[in-house]
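4 protein chains.
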Amino acid sequence: MKKTITGLLLLCLVGPLAWAQTSKVQENLTLRSKILSSDRKYAIYLPADYETSDRSYPVLYLLHGGGDDQTGWVQFGEVKHIADKAIADGSATPMIIVMPDANTGVRGYFNDVRGKWRYEDFFFSEFMPFIEKTYRIKPEKRFRAIAGLSMGGGGTLMYTLRHPELFSSACALSASAGPVDIADAEVRLKRTIPDATPEEVKRYYETQNAVVLVNNMPEDQKKAVRWYIDCGDDDFLFEMNSLLHIAMRKKEIPHEFRIRDGGHTWTYWRTALPTVLSFITDSFHQR
Amino acid sequence: MKKTITGLLLLCLVGPLAWAQTSKVQENLTLRSKILSSDRKYAIYLPADYETSDRSYPVLYLLHGGGDDQTGWVQFGEVKHIADKAIADGSATPMIIVMPDANTGVRGYFNDVRGKWRYEDFFFSEFMPFIEKTYRIKPEKRFRAIAGLSMGGGGTLMYTLRHPELFSSACALSASAGPVDIADAEVRLKRTIPDATPEEVKRYYETQNAVVLVNNMPEDQKKAVRWYIDCGDDDFLFEMNSLLHIAMRKKEIPHEFRIRDGGHTWTYWRTALPTVLSFITDSFHQR
Amino acid sequence: MKKTITGLLLLCLVGPLAWAQTSKVQENLTLRSKILSSDRKYAIYLPADYETSDRSYPVLYLLHGGGDDQTGWVQFGEVKHIADKAIADGSATPMIIVMPDANTGVRGYFNDVRGKWRYEDFFFSEFMPFIEKTYRIKPEKRFRAIAGLSMGGGGTLMYTLRHPELFSSACALSASAGPVDIADAEVRLKRTIPDATPEEVKRYYETQNAVVLVNNMPEDQKKAVRWYIDCGDDDFLFEMNSLLHIAMRKKEIPHEFRIRDGGHTWTYWRTALPTVLSFITDSFHQR
Amino acid sequence: MKKTITGLLLLCLVGPLAWAQTSKVQENLTLRSKILSSDRKYAIYLPADYETSDRSYPVLYLLHGGGDDQTGWVQFGEVKHIADKAIADGSATPMIIVMPDANTGVRGYFNDVRGKWRYEDFFFSEFMPFIEKTYRIKPEKRFRAIAGLSMGGGGTLMYTLRHPELFSSACALSASAGPVDIADAEVRLKRTIPDATPEEVKRYYETQNAVVLVNNMPEDQKKAVRWYIDCGDDDFLFEMNSLLHIAMRKKEIPHEFRIRDGGHTWTYWRTALPTVLSFITDSFHQR
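Chain order of the listed sequences is A, B, C and D.
The first sequence maps to residues 1 to 287 in the numbering used here.
The second sequence maps to residues 1001 to 1287 in the numbering used here.
The third sequence maps to residues 2001 to 2287 in the numbering used here.
The fourth sequence maps to residues 3001 to 3287 in the numbering used here.
The hints are simulated quantities; they were obtained by calculation from the structure and are not laboratory data.
Heads up, some of the hints might be wrong.
The list that follows gives simulated cross-link-like pairs (lysine to aspartate or glutamate, DMTMM-like), each with its CA atoms no further than 20 Å apart [claimed, not checked]:
id, chain 1, residue 1, chain 2, residue 2
1, B, K1116, B, E1186
2, C, K2222, D, D3233
3, D, K3250, C, D2181
4, B, K1222, B, E1256
5, D, K3250, C, D2233
Treat the numbers as computed from the prediction; the structure is a model and nothing was measured.
Could you build the full structure based on these sequences and the hints that come with them?
Given below as structure tokens:
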């Protein structure tokens, strides 16, 4: 019996050498937002050596879709497993992945047209500064990426189109890329603001439609960001994504575009994530 | 005991004949066309056991692009190597692959608007009957597929849209899917017929534009064919292919659609071919 | 008895591998040369389906080194094994590989300065036409490649530099790229022609030195051929190969250049051959 | 008893999270330099067992390129991931990797010709002694290697050519190997010292040009160091690297030389690093 215990003890001492340090995910962290007058949640992925090194890391802001919250990419997106694997096999560089919650109270990543709920202001004025101060993050555009799915793909598109100075790469998966036309904009807007005025509808359309933003892009911004856009052939968002590809091609904005087999599902996004991590790593790496 | 040994000896002598066998490609065959008043060439792939079996086989009509001829898929498309490999690994069933030449004299797979060069009539009235009589081919729609690239992708689309009763599956790669609009149709048509009338331009547009044909598709044909459409994100034909996807989705025509990384190149088509062979095999097989 | 049966079973299992259709190498074929007033030997590799198909094939002229003959690439270069493998795994397209003998009587691939031994004339006026008439070879530049090692690397360089209209790709391995300077040219030439005149030395230098030929290349030929040049870091031919790389870079002639670990050995050339076959296949394939 | 065993088992499962050991990278460390009258930064890689063992380790000084700093090899070079992997698979021995910053204030690894900025003196008189006193490093030549890219490849060459008694192996990647000739030396020097005298230009040329240093190498130093030199075929530094190879071959200085496919990019250097780690490990190990 003693022999067995000694064996176990040996295992205890030797084992750890084989079991390397691992990454950590925390999914119920909070910060206070003055702009939104509320506490906001976020989840974070810290790579395996974050605690033992004193390095600074590149950062990916990874946005969830409508109806989900900051835990979506953790639970359904398998972000820990997939990022660990990509970092271990060298296809992605160690990075911090930040997943904000856009689901508390009011949905979505944008300011509303009347400026009462200002999530976008919160993101850029409070959330990003807080994150990049709290964690060891390299605070340069080159090391900052953004990605998201569905509603978060829309956030990815709009944030990057409006702030090409902040992100070196942007990956929009199955993106909700805005209302197709003014009529669609009116229907959508009046869901939350029944008495929306025609000017508000027009402003909503022009600030939320990715094709309009692409068509209005200044020449000198056309190569400011590396784009990766991906939407399944069975996805209900096929139209705006296809039109966005056409618009970017006609405007000669370099971008990767994919239509793979699949619908608006977590299977699609999980299979996209390794490519996303590798794609943004190419920006972090300076080829 | 002796019997067993004789059996083994027989196996030794006969077995290798069955195993030694490989597929064959012939690329300079000819048939006489009355409709075109000329000899037309074609290439053919016969699977490994074609000569030793007496089975009939499914057939794939595989169309080349503009500027190429019946040898294009053989030389640049590696059809033999890729089909051998797909059949060997079980992802495709043994089939006959027929590659007609659409490059002798006048280019393209269609009748001209004035009915002087009637390639489409040749294909359906002379070529297909000749092929299916000359080789051991199963003469049912279920066992007949069509695929092609660029100009041949256009041929694939139009032939199948006009004859859904003939093909169980159709795969259009980097398809030239017709003029974008009437103005484009006029420019294209007047290249070969400088004095084309407005009615001819209109007829040309309506018979060559895949989106128009899709929009006019009768309800009862919407599930008649299994479609596979694939066009690279760097291909110059991005617009019509993306619009075709949108039109088919809106019309609720089931189809597989892909946009992969790449341009209008043989590398793209070679990497598409295994998927094409596997896709059409799903139709040949009873499900 | 049991033993015998086991033997037969073994034969059954092993036999087919030998009987299966495979590529063929013939290494003692002959043609009559009027120009050289002698019979010349050659070896040839015919791909697996050459006899059963009626296709035409691309062709690679593969030149041996000094002191060797047409059997060198067969015996020491393992051309059959390596080409079979490359074709089977799809990294090379089926092609005919022709290996002329440049070792009978007088060594080398060139005309001598006094025009008595005119091997180069034989190659272009008699050998190539004979080969491309005798075998089913696609007779266009696009489908014709040349490669060689050492003295045959020199042949590859000079033939292609003088006939860029004939070869789509050229691969020079451990190439003997000519005399380094006039003094070197004189030493070399006087080995065979002790009374060579200064003009003959000059002509010899200018027609045999690859750097001189590169520096004199007309602008419109700079992209006529796809070049692949490879020479081991321990090879005694390091100097001219390195200078050739410098010259081609300065002249802006697109080329692949490699210095790998190794010397002037068959191990080096055998490990180069798969890359050569893949490189020239890219030209045959029209990417 | 069973309880104890269960406890031990629990410890086995829980313990590793706390004990798990990995390599560490610190990238913002500092030391004070009297020679440079400033603080200098450096990054360091400590192998997985550095903290738990009490061994001393071999050391690699790994130099960054122009425009980068001590974090370059960490971020873009993936030194942690690549070294971890190489040590884990046994192709490299555990070692300490030191990455000094040569980018604060004045760029480059050398003393300037007027002796005002004396980085090279700092490196040998302050930095190396500090590092080898602060960390558990084996202080013998056999266990000391140096490598670098571009400007750092130049540093690697010059440091080792001037101090062959200090490094057992030296790996110069895409090295900036000095001015090609006196005229080039003058242009370069006058960028920083507009009134440089002819003697200064000459001294600059003779101390910075690797080929000159190689040609002047005393006979008894020719085998003092194991050299590994590597420069892509598309690199703009092709000329000096090729000439260096020629000079070393002619001088009969043993060295490994490679020209692989690629340009002046991090992709090239990342793919070189595993070979570098393996190459220097051969020196560390007693042969």
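- Message: With the threshold set at 20 Å, check whether the alpha-carbon distance from K3250 of chain D to D2181 of chain C stays at or below it.
- Response: Holds: K3250 of chain D and D2181 of chain C sit about 16 Å apart, inside 20 Å.
- Query: Given the hinted pair K2222 of chain C and D3233 of chain D, is their alpha-carbon gap at most 20 Å?
  - Reply: Between K2222 of chain C and D3233 of chain D the Cα gap is close to 17 Å, so the pair holds against 20 Å.
- Query: Is the hinted pair K1116 of chain B and E1186 of chain B satisfied, with a Cα-Cα distance of at most 20 Å?
  - Reply: Cα-Cα ~19 Å, so holds.
- Message: Would the hint linking K1222 of chain B and E1256 of chain B be met if the CA-CA limit is 20 Å?
- Response: holds, 14 Å
- Taken at face value, is the distance from the CA of D2233 of chain C to the CA of K3250 of chain D at most 20 Å? holds, 12 Å
In summary, the structure agrees with every hint in the numbered list given earlier.
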